[in-house]
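4 protein chains.
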Amino acid sequence: MIIVMEHNSTREQLDRVVKYIENRGLKAQINNGTVLDVVAVLGDKTQLNAESIAAMDGVYEVKKIQEPYKLVSRAAHPEDTVISFPNGVKVGGLERPVLMVGPCSVEKDFEGLLKVATAAKEMGCQFLRGGAFKPRTSPYDFQGLEEKGLQYLAQAREKTGLLVVTEVMDTMDIALLCKYADVLQVGARNMQNFKLLKALGRIKKPIMIKRGPAATIKEFLLAAEYVVSNGNPNVILCERGVKGFDNQFTRNVLDISAVPIIRKYSHLPIIVDPSHATGKRFLIEPMGKAALISGAHGLMFEVHHDPDNALCDGAQSLNIEQFKETAKAFNKLIGRIDYDNKNNK
Amino acid sequence: MIIVMEHNSTREQLDRVVKYIENRGLKAQINNGTVLDVVAVLGDKTQLNAESIAAMDGVYEVKKIQEPYKLVSRAAHPEDTVISFPNGVKVGGLERPVLMVGPCSVEKDFEGLLKVATAAKEMGCQFLRGGAFKPRTSPYDFQGLEEKGLQYLAQAREKTGLLVVTEVMDTMDIALLCKYADVLQVGARNMQNFKLLKALGRIKKPIMIKRGPAATIKEFLLAAEYVVSNGNPNVILCERGVKGFDNQFTRNVLDISAVPIIRKYSHLPIIVDPSHATGKRFLIEPMGKAALISGAHGLMFEVHHDPDNALCDGAQSLNIEQFKETAKAFNKLIGRIDYDNKNNK
Amino acid sequence: MIIVMEHNSTREQLDRVVKYIENRGLKAQINNGTVLDVVAVLGDKTQLNAESIAAMDGVYEVKKIQEPYKLVSRAAHPEDTVISFPNGVKVGGLERPVLMVGPCSVEKDFEGLLKVATAAKEMGCQFLRGGAFKPRTSPYDFQGLEEKGLQYLAQAREKTGLLVVTEVMDTMDIALLCKYADVLQVGARNMQNFKLLKALGRIKKPIMIKRGPAATIKEFLLAAEYVVSNGNPNVILCERGVKGFDNQFTRNVLDISAVPIIRKYSHLPIIVDPSHATGKRFLIEPMGKAALISGAHGLMFEVHHDPDNALCDGAQSLNIEQFKETAKAFNKLIGRIDYDNKNNK
Amino acid sequence: MIIVMEHNSTREQLDRVVKYIENRGLKAQINNGTVLDVVAVLGDKTQLNAESIAAMDGVYEVKKIQEPYKLVSRAAHPEDTVISFPNGVKVGGLERPVLMVGPCSVEKDFEGLLKVATAAKEMGCQFLRGGAFKPRTSPYDFQGLEEKGLQYLAQAREKTGLLVVTEVMDTMDIALLCKYADVLQVGARNMQNFKLLKALGRIKKPIMIKRGPAATIKEFLLAAEYVVSNGNPNVILCERGVKGFDNQFTRNVLDISAVPIIRKYSHLPIIVDPSHATGKRFLIEPMGKAALISGAHGLMFEVHHDPDNALCDGAQSLNIEQFKETAKAFNKLIGRIDYDNKNNK
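Chains as they are written, first to last, in this note's numbering: chain A, 260 to 604; chain B, 260 to 604; chain C, 260 to 604; chain D, 260 to 604.
If we strip away everything but chain A, and leave its shape as in the complex, we get (with noise of 0.2 Å):
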């Protein structure tokens, strides 16, 4: 931790932060700067507060040296997490990227949702994603089947061997989703639902979950830093776009540097959501392409049987045929990605 005094800052401040250090066990070594000093703290911080020095009078800014994340981060945890499921399938570090397909909501036509899954399983996917419950940013919008809804993605499961995923909004919720799925996702919007994550560390299902649009890289690492250090390692990180100040096209902004960065400095597995960081049917396949090749470990996109009659969603699901090429030219680039990765490029 560096703290940097005011430039008029006097004696008895810089005095009154070094004891402050030195009080709570520290060793603080002072640089008088030809125009600013700063007091340089060392020793373990953990139980330091950064914002109570910042606000101690004469005191500039507070610069933290070390992440506050730890368990997620690669500098603790050097080798990458890979996560495997039960019938094989495993997502993360080397290996080939996976694909998660599904509508944006489980609806009450059971024999649709069977079509969707039926070609992903066709196409090679191994998830199946769809909602139960339903976030919806207007009270008026479809909330969802609830349980209906999963019973109907384990039925599609039974059928295809695909594994499920789909998202949990309420701490109360937890264990009857536990019953159905296969991996919980926490929604972007519920990305700093600190009780629900809390919960979700002390289950062991695979979590994955999706960047909240306003968040930093460093806060999407810390609520997995939540899950992780409450005691399940097993989460998946969802880059879905944030928040930008151009929607006239997209919804959002696709960040897909977030994918080379959070594979360098945590070894959690990141994938990718290109539909609804876009919103635009056109933009799934460039863009799910962008983030395999920048190291991706998966995409996850809409596709519904019958998109201009879907429930939600409808303009960013392609229909069963567009989704067919799409994963034909996803898995044509999946391939070469996968054989460079067996063959060290």
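Hints are not guaranteed to be accurate.
Since the list gives no way to pick out one identical chain from another, each pair is judged satisfied if it fits inside one copy or across any two copies.
[To be verified] Listed below are the simulated DSS-like cross-link pairs for lysine-lysine, each with C-alpha atoms no more than 25 Å apart in a straight line:
| # | residue 1 | residue 2 |
| --- | --- | --- |
| 1 | K457 | K367 |
| 2 | K583 | K457 |
| 3 | K587 | K322 |
| 4 | K286 | K322 |
| 5 | K278 | K367 |
| 6 | K464 | K438 |
| 7 | K583 | K523 |
| 8 | K601 | K349 |
| 9 | K587 | K523 |
| 10 | K286 | K323 |
| 11 | K278 | K329 |
| 12 | K477 | K322 |
| 13 | K278 | K418 |
| 14 | K438 | K374 |
| 15 | K323 | K523 |
| 16 | K591 | K457 |
| 17 | K591 | K601 |
| 18 | K463 | K322 |
| 19 | K407 | K374 |
Derived by calculation from the structure, the hints in this document are not laboratory data.
With chain A held as given, fit chains B, C and D onto it using these hints.
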């Protein structure tokens, strides 16, 4: 609803859109522009899915005309909502702006809390705020005293007569919080925790919703719509800063224009929190005054009896002496505003 | 300057960094942390290139301690800059806040301009603003009357005694503008047109720099530093809104916190333009008042004699009647602020 | 154009809007909605001022249907623009993507520049980039070699056959730059320097416009429209990152979705600069690949013979060895893309 067709859309695509609309009992009015064709939809659009139409081939863009929020809009409810508390305090409309103060989190030292509450009462504040359940970005930060904290707040209320505002983080805690608090606050990070919002719609306690750091004003009003449409009309909005690109001096950009905008388009009370938005002590007074003069129904800001040793957000808390001086400045301005309001400017 | 090494950096990499620093005549102080090594650089860092060091192998991050602006910082120049005009008007410090008003662009109808100027004089304003050279996002929009417009402004000055503020868009036009204007304004889109800023540093006329919509406060102050370091100390800053993610109600987010921040860290005057930031007529009064009460040295806003037929930015211009009412409200507040300033609060 | 009236607008206000439209020779079609009245304007709207209408009493919002750019839109010009250089190099359409490399700024050491140019030629690059006039945020940073730098670039061209790209900062320098450069680059900070754009429309050299860090795609295309509508159709666009809220790891957010969007709605070539957007060496390869696979017509990135001692932007420059490895990876991908393009996927 206005549907804009692509410049190279076909007659068949246009016909399909028109048929889709007419099949739902609505009227489609076609305007053939010099460059683009436009379809206006007339009738009750609540059952129409804009995203499905946007997904149809040949459609460039769908523009919604009617705002998706209803109950919270001034169009539906022209007179101001004023929330009245049993002790006679009122929030909203042309009532005298209120002050809500207290520590970021309630800590073990009850005497400290009482010092703050006593000073608040002395300076004419109406509300004591303090977190018992704390949302913290890092799992390693202090997470709150939980029920013990609520008891402390209730004791401070007993001794001072101040009303208590505290944060609810999970549907499971609502009943407990209702025992102790006068206003339940939804934190910025939970602004789109829709399960929580719905559950809060089923109680009668006033709810204060903080604006999410990436929430548009429309999304902010829709969060309130969740509570109101589920049965609880007692909602206070709270602007607390939005995510910006410059975080050298402030954590967020306090969007003061939200105050006059919300007063124009909604009837709900809107207060402002200059502490969290800026994260800096020296900005509380100028930004608090700016909020009041632009029409805010109150301010919420942080006061701690010993900010240097606060367990959270010390840097932005005033100590009791600073608080008294700031409250004096606010009271002077509130007096002038109240005078102007009562005397029709 | 503080150099933070990667957690897995080697001894050789650290040595190379130290040698790089010592070769430039500076002192490197190594702090071996429990997790990361940190190198503090002592001495005159003006010749040191932070980016080069950041690029060295094993370096995680370089944190600069000293602000890169000097002449415009309060550290270097503690007393406020007050800009005095020949007619006795003063801008800055504790002087009475000023009002700058006029149409977005000067148009062919000179009588219209004169009506605005006369009303401005009547209401106690000090400056007439109006564009002769207009920056327009679209090449098909009205581009300004050029020299004719400048002559109109000068004629209006002659008749009213108001000072003239107008925008300079190109180094080639500086000499011409100096003939007619009292303050040369650098538009938001030119805030980092460094050739222009340098050229304006070589004249003596006061320069008003508008904040770029994506400029941090540091970048804003560095733009001023360009002018001041080239020889012209007469700079006024103007906050006019920054790019945000919500443009349903406003074009930009007016960052009022920039006012108290700039007054704390710089000695230059800072005024606020609530017209361009918000783009809405009904927001001029509440946001103008918010700016004044937070410490702004003045306001600039748009008035047009016939906004419905204005060639640019009609939606945000007040007509003369609205202007008089708004100016009355501002004058009332300015009177109170001036009284408080003169009487030490 | 669609005009939405306020929910409480009067019949008189509506009539006034209709009269305003009809007075300008256009047709107003009124749709009385269940909640809001809407007026559709039919006819040639180029002479209609949306902002004036938005300012009329009773108007809630004006929605433009037709895009304000024309010449650069694919609607007006369906086939791709391909820019051909005398040496046979082509940029745009389905041509093989190009590579533009070189130092951020040209420095005194000509041999260093030549090393970079030679390596670039060897790796099959088509363009040498380098700044002679440098826009620098701080006035104390290196400002460029000016004409000397241009001469160096021209000499390097002579020896290698590479085409030269360099930045123009001021209308006064255009003639000089035309003597030496093959492509004149407009920097991100000058994207809305309209005087400069107009002047560049009057020459014939290809112009490369970098996207401003706060520019929407529409504003970006309108900047190009300035050049094209003034007579120069040879414009290349360059995405280089937009301002985001997280600058811990990257300077800007590289908006890769701009590539497929611009390819869909404009016919101009679009290339991507992964160096400036990210500011980090390790991100050049993954982000460059992501740009190429999403459809970019080329990449521009920084290479320096001695990045540790570069006078600007060392941290983001590759050294020659790193460059060769990266170019090899890009060439492999470009080969595959070119193959797919030529063979219809």
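For each hint, the structure was consulted:
1. K457 with K367: between (32 Å within a copy, 23 Å between copies)
2. K583 with K457: Neither: 38 Å inside a chain and 39 Å across chains, both beyond 25 Å.
3. K587 with K322: Neither, since 48 Å and 34 Å both go past 25 Å.
4. K286 with K322: For K286 and K322, both the intra-copy (16 Å) and inter-copy (21 Å) Cα distances are at most 25 Å.
5. K278 with K367: between (66 Å within a copy, 24 Å between copies)
6. K464 with K438: within (10 Å within a copy, 35 Å between copies)
7. K583 with K523: Intra 33 Å, inter 22 Å, cutoff 25 Å: inter-copy only.
8. K601 with K349: This pair counts as within: shortest intra-copy Cα distance 15 Å, inter-copy 36 Å.
9. K587 with K523: So K587 and K523 pass the 25 Å test across copies only (22 Å; inside, 29 Å).
10. K286 with K323: both (15 Å within a copy, 22 Å between copies)
11. K278 with K329: neither (28 Å within a copy, 31 Å between copies)
12. K477 with K322: both (15 Å within a copy, 17 Å between copies)
13. K278 with K418: Intra 68 Å, inter 36 Å, cutoff 25 Å: neither.
14. K438 with K374: This pair counts as within: shortest intra-copy Cα distance 23 Å, inter-copy 50 Å.
15. K323 with K523: both (20 Å within a copy, 24 Å between copies)
16. K591 with K457: Result: close neither inside a copy nor across copies, 39 Å intra and 45 Å inter.
17. K591 with K601: both (16 Å within a copy, 17 Å between copies)
18. K463 with K322: This pair counts as neither: shortest intra-copy Cα distance 36 Å, inter-copy 40 Å.
19. K407 with K374: within (18 Å within a copy, 53 Å between copies)
Hints 2, 3, 11, 13, 16, 18 from the list above are not met by this structure, while the remaining hints are.
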